[in-house]
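Chemist: One letter stands for each residue in the lines below.
There are 2 protein chains.
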Amino acid sequence: MKISVFIATSLDGYIAKLDGSIDWLMDKRYELEGEGFGYQELYDACDLLVMGRNSFEKVAGFDEWPYPGKRVIVLSRTFKALPKNIDNVELFSGSIIELIEMLTMQNSKHIYIDGGQVIQAFLEEGVVTDMTITTIPILLGEGIKLFGALSKEKHIKLLSAKGYDNGFVQSKYEVFN
Amino acid sequence: MKISVFIATSLDGYIAKLDGSIDWLMDKRYELEGEGFGYQELYDACDLLVMGRNSFEKVAGFDEWPYPGKRVIVLSRTFKALPKNIDNVELFSGSIIELIEMLTMQNSKHIYIDGGQVIQAFLEEGVVTDMTITTIPILLGEGIKLFGALSKEKHIKLLSAKGYDNGFVQSKYEVFN
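Chains as they are written, first to last, in the working numbering: chain X, 20 to 196; chain H, 20 to 196.
Just so you know, the hints here were simulated from the structure itself, not pulled from any lab data.
A portion of the hints provided could be inaccurate.
Copies of the same chain look alike in the list, so a pair counts if it works inside one copy or between any two.
What the hints assert, rightly or not - Listed below are the simulated DSS-like cross-link pairs for lysine-lysine, each with C-alpha atoms no more than 30 Å apart in a straight line:
{"#": "1", "residue 1": "191", "residue 2": "164"}
{"#": "2", "residue 1": "21", "residue 2": "103"}
{"#": "3", "residue 1": "191", "residue 2": "176"}
{"#": "4", "residue 1": "47", "residue 2": "99"}
{"#": "5", "residue 1": "176", "residue 2": "164"}
{"#": "6", "residue 1": "36", "residue 2": "171"}
{"#": "7", "residue 1": "171", "residue 2": "47"}
{"#": "8", "residue 1": "89", "residue 2": "21"}
{"#": "9", "residue 1": "21", "residue 2": "128"}
{"#": "10", "residue 1": "164", "residue 2": "77"}
{"#": "11", "residue 1": "36", "residue 2": "77"}
{"#": "12", "residue 1": "181", "residue 2": "191"}
Construct the entire structure; sequences and hints are all you get.
Modeler: Now the structure itself:
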């Protein structure tokens with residue numbers, strides 16, 4: 020089973036400001052006509068999305084649900100039920116290993132995981148298979164970190180690196196577990 | 020006056036382990052025959068190096084002084100004198116602005132600054148002109164951070180990005196001040 024990270028980060032390693040906002044990322048200065056940076060291809064290739072409570076609350080607050088029709092699993096031990104009923108969104112309160120066992124039983128082939136805490140937990144658990152990191156040309160100074168503590172250092176393998184005219188640098192890595 | 024950063028960082032943003040060690044960076048797996056990643060060109064182009072106390076103590080402990088003949092300024096307010104007398108190395112205990120005033124008077128054209136705290140302080144002061152960041156394909160989990168807090172976010176301009184066969188990704192940025 021492939022477990023993929025596809026995320027944007029400031030050069031200093033933040034995926035959002037401390038209040039969770041990503042307005043700095045949505046800046047018009049970064050728009051490149053006809054360029055989606057590979058997001059849609061990954062999204063389409065994945066059976067489902069896994070995200071944490073914070074990411075869910077963030078996207079559930081958008082005017083439009085960004086993942087119509089896509090299966091989404093929200094990892095949370097604090098939610099008793101999802102605060103907002105959205106088609107195809109389910110709550111999971113077990114461990115990562117239990118989640119992967121369930122998804123393996125269900126014959127899932129490719130999972131897209133999102134959000135700093137989820138990514139950090141999956142990396143620590145040693146189950147991420149690949150990461151596409153898009154580095155935005157900005158220093159935020161503070162925010163919600165992409166990476167966190169690990170019980171041991173982890174070598175990763177660069178698959179490709181590409182700079183874009185809008186200043187993004189996208190690096191793809193294979194993760195050894 | 021150009022003030023350049025040229026530094027390697029783990030993908031999770033650390034320039035050294037917590038004890039200051041960079042053994043993970045010196046790993047033989049990263050050796051690429053005949054490839055210096057542009058370090059020598061920058062080093063040769065610079066009139067002088069500026070580093071902090073930690074970086075100085077680190078390199079002063081090497082078997083061989085790595086900057087023979089190069090002017091080096093060590094920024095420190097705690098040192099009364101340099102603990103080790105090395106030719107062409109001087110102590111400066113003033114502010115960054117005072118340092119730049121002095122170097123401007125001395126007609127310095129290009130400064131290479133090194134070390135996390137020095138880089139962070141120069142960025143916060145708004146005097147860095149360009150950064151070459153080489154991202155090493157490893158997650159350390161903890162360590163000495165390349166970037167730190169800033170009083171306001173800072174847009175930077177990507178000049179080039181390149182992936183290497185050893186997994187390094189080198190990105191060059193112009194910094195607006």
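Chemist: It remains to establish, for every hint, whether it holds in the given structure.
Modeler: So, going through the hints one by one against the coordinates:
1. 191 / 164: both (19 Å within a copy, 22 Å between copies)
2. 21 / 103: Classified as within; 29 Å inside a copy, 54 Å across copies.
3. 191 / 176: Both ways: residue 191 and residue 176 sit 8 Å apart in one copy and 21 Å across, limit 30 Å.
4. 47 / 99: Neither: 38 Å inside a copy, 50 Å across copies.
5. 176 / 164: both (21 Å within a copy, 22 Å between copies)
6. 36 / 171: Both, since 27 Å and 12 Å are each at most 30 Å.
7. 171 / 47: between (39 Å within a copy, 19 Å between copies)
8. 89 / 21: Cα proximity of residue 89 and residue 21: one copy only (17 Å, versus 50 Å across).
9. 21 / 128: within (6 Å within a copy, 51 Å between copies)
10. 164 / 77: For residue 164 and residue 77, both the intra-copy (16 Å) and inter-copy (28 Å) Cα distances are at most 30 Å.
11. 36 / 77: within (12 Å within a copy, 34 Å between copies)
12. 181 / 191: both (9 Å within a copy, 13 Å between copies)
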